[in-house]
Amino acid sequence: MARAVTTNRKMINTAVAWLIGLLIFFPILWTILTSFKTEAQAIADPPIFLFFDWTLENYSVVQERSDYMRFLWNSIFLAGGSTILGLIIAVPAAWSMAFVPSKRTKDILLWMLSTKMLPAVGVLYPIYLLFIQLGLLDSRIGLTIVLMLINLPIIVWMLYTYFKEIPGEILEAARMDGAGLKEELLYILTPMAIPGIASTMLLNFILAWNEAFWTLNLTAVNAAPLTAFIASYSSPEGLFFAKLSAASTMAIAPILILGWFSQKQLVRGLTFGAVK
Amino acid sequence: MATQQSRSAARIMMAPAVFLLLGWMLIPLCMTLFFSFKKYLPLRGDSMANGLEWVGFANYVRFVSSSSFWPSIQTTLIIVGGVLVITIVLGIALAILLDQPMWGQGVVRILVIAPFFVMPTVSALVWKNMFMDPVNGILAHLWKFFGAEPIQWLSQASLPSLVMIVSWQWLPFATLILLTAIQSLDSEQLEAAEMDGAPVHKRFFFIVLPHLARAITIVTLIQTIFLLAIFAEIFVTTGGAFGTKTLSYLIFQRVLESQNVGLGSAGGVYAIILANIVAIFLMRIVGKNLDA
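Listed in order, the protein sequences are those of chains A and B. Position one of the first sequence corresponds to residue 1 (our numbering), numbered consecutively onward. Position one of the second sequence corresponds to residue 277 (our numbering), numbered consecutively onward.
If we strip away everything but chain B, and leave its shape as in the complex, we get (with noise of 0.2 Å):
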């Protein structure tokens, strides 16, 4: 029932969101195109003032055959996939303990929720000291206890003390999204094959998995997203030594690090397009959304 005045009146509502987000987007986009082509090497004298110098796809060629850049992908991948599976397998896990009946369900809830609310520079420092201290942490007081020698967390094991870590941070989300899930499933059709004697893993794979099939893939491509980025966990844990250089984190230490600008926009780029790779499938879900 809109009328011709309340759409325009509509649109100039919008407008200021619009167009304060294109600028976000559009201004800092195309500046990174633009020095990636360029050598830019601040400290080294070169500034937009000054002129830079265009060098083609170099920097793009030379982002890629640096010796740094597979195993960056490599530690990308590590802690990307390992957390995906980590925080998924035990969110539909306790999701489904969750949705049982208990008593303090609703303080259960909290305590397991609680960790996503602490800043990620809290939770990497205090894991890193009060916990994966080779001396005074908590796991080496455990270890000695046992009679084992205590592991030298971040620089022995660096990789899978920093999926720890990322995943204690990102299990309460996974968790949360799967419990909504989980709790608008049927609970006739489970008792139904319940009856119909069906056993606790055939109900598991054939109607709860199922069931949270779309709740799966959304934790999936949003955790994705945000765990492409992890930047802090990685900052104050181990500053990217010992293995634990993802790709973000190059790109970080390409731009402000070395301020290698034309190097690190190279790499940015490449980092944009894989993430909207992802977006591309999360998008699509939430769109389908939209209709409904």
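Same shape as in the complex, but just chain A (with noise of 0.2 Å):
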């Protein structure tokens, strides 16, 4: 039974919740406002909030200025990569987990998490090192397999909550009929399952374009993705608030349409499942 509420304490509620909403939102949304300011405008005393003369000159000049499209294109192929790289290796390990448990899943499992807890700063030199060895260092390549390792635990572990949701009976019924191993997978999970594998790609992809600890660290010129790109802006280029704001609503735009669809999928995957 709802709790019949009053018009008049909901629209309280509403009005808090606005509020407090849109204070938490304003940097972002100040951000993508002053990428459309001219210079003078952005660092204006008392600040302009929308009567500006509206101009896109920033976003042309960023582009210009650092070729921001590679810095884009890195980020894609680092991201996208390090998640479909992740998903062949992960969707294969958490299938068998899920439909083929045996007594060491959950020892498995809980190491895999392990792993992830292990603090990057740590392993950072030896790296380092082995990118240099390899000739790795500032290849898309090489980051693209430390992104996909440091989120395969996230991968392999949101893919076996799923997998685990796919009542097994199915599974029985099939082999019943006479399913080998392959139509198993192909006609009866693979179907399935997209919708999980789907909202797990969104979240790695997510995870994998905001990363700044290896991006920063093993990259110089031609792997640098837009975490590097925007670090660059830390002086003295950051000045220029129009041109920050330029460069960083262009850096953020895609991960936040993309994450306002991920927004339930965020809860299982960081938290193991511990929370649904």
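None of these hints come from the bench; they were simulated from the model. This structure is a prediction, so every number in the text was calculated from the model and none was measured. Among the hints, a few may not be true.
[Stated by the list, open to error] Here are some, though not all, of the chain B residues that point toward chain A, as calculated from beta-carbon distances under 7 Å:
id, residue
1, 286
2, 395
3, 492
4, 494
5, 505
6, 544
Ideal Cβ placement from N, Cα and C applies to all residues, glycine included.
With the hints as a guide, bring both chains together as one complex.
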């Protein structure tokens, strides 16, 4: 039974919630607005909120000066590549753990999770050294592999929790009807697993896109993604607020949109199924 | 109903993931351990090929006795503790608020969780320049508007500023998880308490808070692991100056900036041990959940 709520109380809730929501969102909103201002308007005192001369100039300047498209392409390559690679490795593993569990399944899952807890800075130099030895420093391939490995535990876990929800009886029925491993995978599990796989992809893409330890430390020019591109605005270009805002807006816009679709999966993915 | 055949197939399917993660964990870990017992200064000509000098526990002792060690521990504790307290307290408040009936709930939810999707370098730089800049930042304008002297945020109040930036990034995560947990609370239980005349604060402390206990623990543990490792936020704002050098950042500086690999590796081993202590608690909770 739903609780009866007075309209009055609902109005107060709405007002307070919207106010706080907008306050939290304000830095993002302000960045987006500032990206359409001129530099002078961007630092005007008192700040101009909406009534300025909207311009797209900053966007073209950012692209001209710093070859934004190359960083964007690197981000897409790294996030997309590591996600796809991770799925190729994780789907069979999660499938077998969910449908053919053994005594050790739980230990393996927990151990995988524990590799995620290893502080990156503790293994920074070995990885750096290996990358130099293998000629992988500042290469997209090398970084794709690292990003895949750091997110692999999350991918396996998320897929495992999704696959677990597929009822085993369906599989048994299919086996009775003479379906082999191949048919089982292709015609029964894949269609049922696609929503889970899609959510996993989405969350993993976001995590890889925003990763800012390895992408900053293992790249220089060639493989640098948007995280590194923005870090280069640290000084002195960062003091040109309008251009910083344009660069920032372009770096976060795709992920903000994807993120809104993935908010439910976020909880499951980042708590390893402990909160659903 | 697993047959022998499907068991061996399962093992083969698991193998790539297991071996990759095993390699990813063991190889660098062994190298870090190895370096931590060696004198290794690449800029002074030390290299693996020439053989490294064994120095026993000297690096471990030096790392802990250096003048930057205890301040870095203090900084780490302030950042992790500060962010945890802020995100959990505000997260509970927000979760309760968002659980109330209102118009446009979905939109508010989106506004609140948006900061989580902003890449760390962007949020750090936007806060540093557009908000905390002592001349042109919004906060400086605001301070001047009220006739106060603008604060040099990242130099005079560097730690509170960092805590603020990082809390802004992690509040959505805490809120989202606590909201998910609060939505599973049986509303009839609350109604019954309300009918029995339990005041708001009693309903909160005796019904809502106990129900959230597990979610709060999980948020604490997961955030701690991520917060111990924050890097980009410090890298682009202060670069470790003004007392913002955390343990992770100190290790990063030792290893890559001053290229004292032996010393940095010893620090790395400390960081790994520290993270593992937190991890053990998290794994227990997650493991229990697997059985259920």
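Status of each hint after checking the structure:
no. : hint : in the structure
1   : 286  : holds, 3 Å
2   : 395  : holds, 4 Å
3   : 492  : violated, 11 Å
4   : 494  : holds, 5 Å
5   : 505  : holds, 5 Å
6   : 544  : holds, 4 Å
The structure shown violates just one earlier hint, number 3.
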